[in-house]
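Residue numbers (my numbering), protein chains in the order written: chain A, 186 to 520; chain B, 186 to 520.
Rather than coming from a laboratory, the hints here were simulated on the basis of the structure.
Here the structure is a predicted model, which is why all the values come from computation and not from measurement.
Treat the hints with care, since some could be wrong.
No copy is singled out in the list; a pair is fine if it fits within one copy or between any two copies.
Below, a list of computed lysine-lysine pairs in the DSS-like style, where the Cα atoms sit at most 30 Å apart [said to hold, decoys possible]:
#: 1; residue 1: Lys192; residue 2: Lys247
#: 2; residue 1: Lys320; residue 2: Lys230
#: 3; residue 1: Lys342; residue 2: Lys480
#: 4; residue 1: Lys283; residue 2: Lys226
#: 5; residue 1: Lys247; residue 2: Lys198
#: 6; residue 1: Lys371; residue 2: Lys424
#: 7; residue 1: Lys283; residue 2: Lys192
The primary structure of each chain is shown beneath.
There are 2 protein chains.
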Amino acid sequence: MNNKQLKLADLAKLAGVSTSTVSRALNDNPLIKQETRDKLKQLAKQHNFSLNTAASRLRTQKTNVVAVIINFDSGTEQSINDPFLLKVVGEINLALNKQGLELLLSNSFMAGDDWANYFINSRRADGIIVVGQGKDPTNIEAAAAAGVPLVVWGDPKTHCNYPVVGSDNFVGGRIATEHLIAGGAKNIVFLGDPAHGEIGERYRGYLAAMKAANYTPDVVSIDITSGAAYTGINALLLKNGLCFDGIVACSDMVALGAMKALKERYISIPNDVALVGFDDIAMADISHPSLSSIKQNTQLASVILVEKLLAQLQGQPSNSQVIEIELINRQSTKP
Amino acid sequence: MNNKQLKLADLAKLAGVSTSTVSRALNDNPLIKQETRDKLKQLAKQHNFSLNTAASRLRTQKTNVVAVIINFDSGTEQSINDPFLLKVVGEINLALNKQGLELLLSNSFMAGDDWANYFINSRRADGIIVVGQGKDPTNIEAAAAAGVPLVVWGDPKTHCNYPVVGSDNFVGGRIATEHLIAGGAKNIVFLGDPAHGEIGERYRGYLAAMKAANYTPDVVSIDITSGAAYTGINALLLKNGLCFDGIVACSDMVALGAMKALKERYISIPNDVALVGFDDIAMADISHPSLSSIKQNTQLASVILVEKLLAQLQGQPSNSQVIEIELINRQSTKP
DNA sequence: GAACTTTATGCAAACGTTTGCAATTACTTT
DNA sequence: AAAGTAATTGCAAACGTTTGCATAAAGTTC
Numbered sequence: 186m187n188n189k190q191l192k193l194a195d196l197a198k199l200a201g202v203s204t205s206t207v208s209r210a211l212n213d214n215p216l217i218k219q220e221t222r223d224k225l226k227q228l229a230k231q232h233n234f235s236l237n238t239a240a241s242r243l244r245t246q247k248t249n250v251v252a253v254i255i256n257f258d259s260g261t262e263q264s265i266n267d268p269f270l271l272k273v274v275g276e277i278n279l280a281l282n283k284q285g286l287e288l289l290l291s292n293s294f295m296a297g298d299d300w301a302n303y304f305i306n307s308r309r310a311d312g313i314i315v316v317g318q319g320k321d322p323t324n325i326e327a328a329a330a331a332g333v334p335l336v337v338w339g340d341p342k343t344h345c346n347y348p349v350v351g352s353d354n355f356v357g358g359r360i361a362t363e364h365l366i367a368g369g370a371k372n373i374v375f376l377g378d379p380a381h382g383e384i385g386e387r388y389r390g391y392l393a394a395m396k397a398a399n400y401t402p403d404v405v406s407i408d409i410t411s412g413a414a415y416t417g418i419n420a421l422l423l424k425n426g427l428c429f430d431g432i433v434a435c436s437d438m439v440a441l442g443a444m445k446a447l448k449e450r451y452i453s454i455p456n457d458v459a460l461v462g463f464d465d466i467a468m469a470d471i472s473h474p475s476l477s478s479i480k481q482n483t484q485l486a487s488v489i490l491v492e493k494l495l496a497q498l499q500g501q502p503s504n505s506q507v508i509e510i511e512l513i514n515r516q517s518t519k520p
Numbered sequence: 186m187n188n189k190q191l192k193l194a195d196l197a198k199l200a201g202v203s204t205s206t207v208s209r210a211l212n213d214n215p216l217i218k219q220e221t222r223d224k225l226k227q228l229a230k231q232h233n234f235s236l237n238t239a240a241s242r243l244r245t246q247k248t249n250v251v252a253v254i255i256n257f258d259s260g261t262e263q264s265i266n267d268p269f270l271l272k273v274v275g276e277i278n279l280a281l282n283k284q285g286l287e288l289l290l291s292n293s294f295m296a297g298d299d300w301a302n303y304f305i306n307s308r309r310a311d312g313i314i315v316v317g318q319g320k321d322p323t324n325i326e327a328a329a330a331a332g333v334p335l336v337v338w339g340d341p342k343t344h345c346n347y348p349v350v351g352s353d354n355f356v357g358g359r360i361a362t363e364h365l366i367a368g369g370a371k372n373i374v375f376l377g378d379p380a381h382g383e384i385g386e387r388y389r390g391y392l393a394a395m396k397a398a399n400y401t402p403d404v405v406s407i408d409i410t411s412g413a414a415y416t417g418i419n420a421l422l423l424k425n426g427l428c429f430d431g432i433v434a435c436s437d438m439v440a441l442g443a444m445k446a447l448k449e450r451y452i453s454i455p456n457d458v459a460l461v462g463f464d465d466i467a468m469a470d471i472s473h474p475s476l477s478s479i480k481q482n483t484q485l486a487s488v489i490l491v492e493k494l495l496a497q498l499q500g501q502p503s504n505s506q507v508i509e510i511e512l513i514n515r516q517s518t519k520p
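Take the sequences, apply the hints, and build the full model.
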């Protein structure tokens, strides 16, 4: 560490100008002559100066930080083990960085229930991005009602007081189911917990497709983990035998858990049971047989999430938006 | 949002005391009578007050923020697609939170090359945790040399000027290889890029075990992605046929990519080729056949990383530490 | 009850930026 | 060349905490 941390005033002294001039120069303020700006910027770089963000934030009342909250349901372990949520976080990070914003990673443990207070009033961040609606949206609603700049990755069709960006889960669930039906499946099980926000929509899409085909729906309600899927399918097979020929899984990890249970019993995929997942994580392509899945365009979604948050930071309201989904057809279903 | 954000002075006025008293009370300073402390804390809660962290940080010169840098090599896509790194981040987050620290998620794009400057001099964070040593440690070394509080997840045996916490990769590579040898494999390939910090150690462990058994080593150098592994193994098979009976993969994702290539060609695992991975991610247990792997205790490592960083923040030096690893024996290898 | 210690609170000066306004300098215009 | 305008720069006051020091109140001792 240098023997002493430079501050604006030191730079000013070195250059023989006032602190205001340096401050403005570094912020590219046109009030300052271009020549002076360049000179000061170079001096700053040369002395390896960097602004004290604490002071800057105090003065400007802006942080250029966005809090990202992974909103997992307490009780399940989804957040840590499901690559999908973390991938979304990674892409949000990139999208934020491109706008010069930083990412404060948080979770319900740290933030408590009053997010407005914890993040905004305390000037930890300028706005919030919530990843996942979870089962209980009260925290989100409260923050939104408090007027916090806020966007949510979730199901954009749910009616709520905050803007949501995400895939059309209903259509995703429907397309996935129709795809199985087109492949000849009749007894299709939905694997996932309909009480969970986005997954509920997928379930309703599944129901719609089943109804349209005049098939009777069935659901195995489990946590969003591969382990739960594995034991869930095993239990079903033990109890009722092979009573189904298709599975719509609420996520790829869940689908892969189910796939393991099937493979262990030498149930052929897709001939005996066709299987479709949701998310299109990297493993979907790598599993054997590879897993058909509803691909969510997380990268585009992240960019839009950030745009909408920026709009709110500038005082403009913003609304929910649906991101296109796409069925990726692989070996786990018949074409 | 309340019509006006309360500050310390407002609370003080409400309570009829000075701002110093409120400040001290909320910080549990024993100078203030217990009774007064309780009263003020309750008042704060009731009015839903929260400190302006910007002001607080400016005054105290502490942020209670730790920057976490995912140090992926530019050119590869490892960071986004490998669940392992992100899992580590998740667990570091938990460990930090337990100490009342917040996590600023960052990457090389945002931080540039001069981490000391960007994070510490600018008072964005008090310290840095780097996840992954990558191929080129110059940024880390420079930051450490500048006296930045810093810890690294990586290979603790590499000789360097900063403390590293991580698994004993050499031993891991050796154990993995010995396990295959014990199962009868003779022509064992190492799958991964030895130029990469931690992976190089695993490779050297592999070499040691091969040498001890008097077998000739072979390496297929690829990026740390399942896709690269898949094409790498495919290419090898096309060129030389089934010239190996064991694979030591540098990570589970890589192992799973290799597994897919083998399965597609009806090569039996573990009978024709035994396969062992590294990391023990969730998918290792879910794949079929399930994947033997060297398990890294990321949770313990995260706690220790944070402890060591805290020690440095308090001015004490700290040193590297090895975290125990464990071979998880599954179906992809013979017992 | 005077002198002293202990306990509890308040005063005011920082921390390092940013920015409205005033002041200076340079450039036009008549 | 005077007067006016435009282009630069500097002064000084915030932003909301924390904390060393001074002070006031209460308790103790002789």
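Open item on the list: Check the structure against each numbered hint from earlier and tell me which ones fail, lowest number first.
Closed with: none
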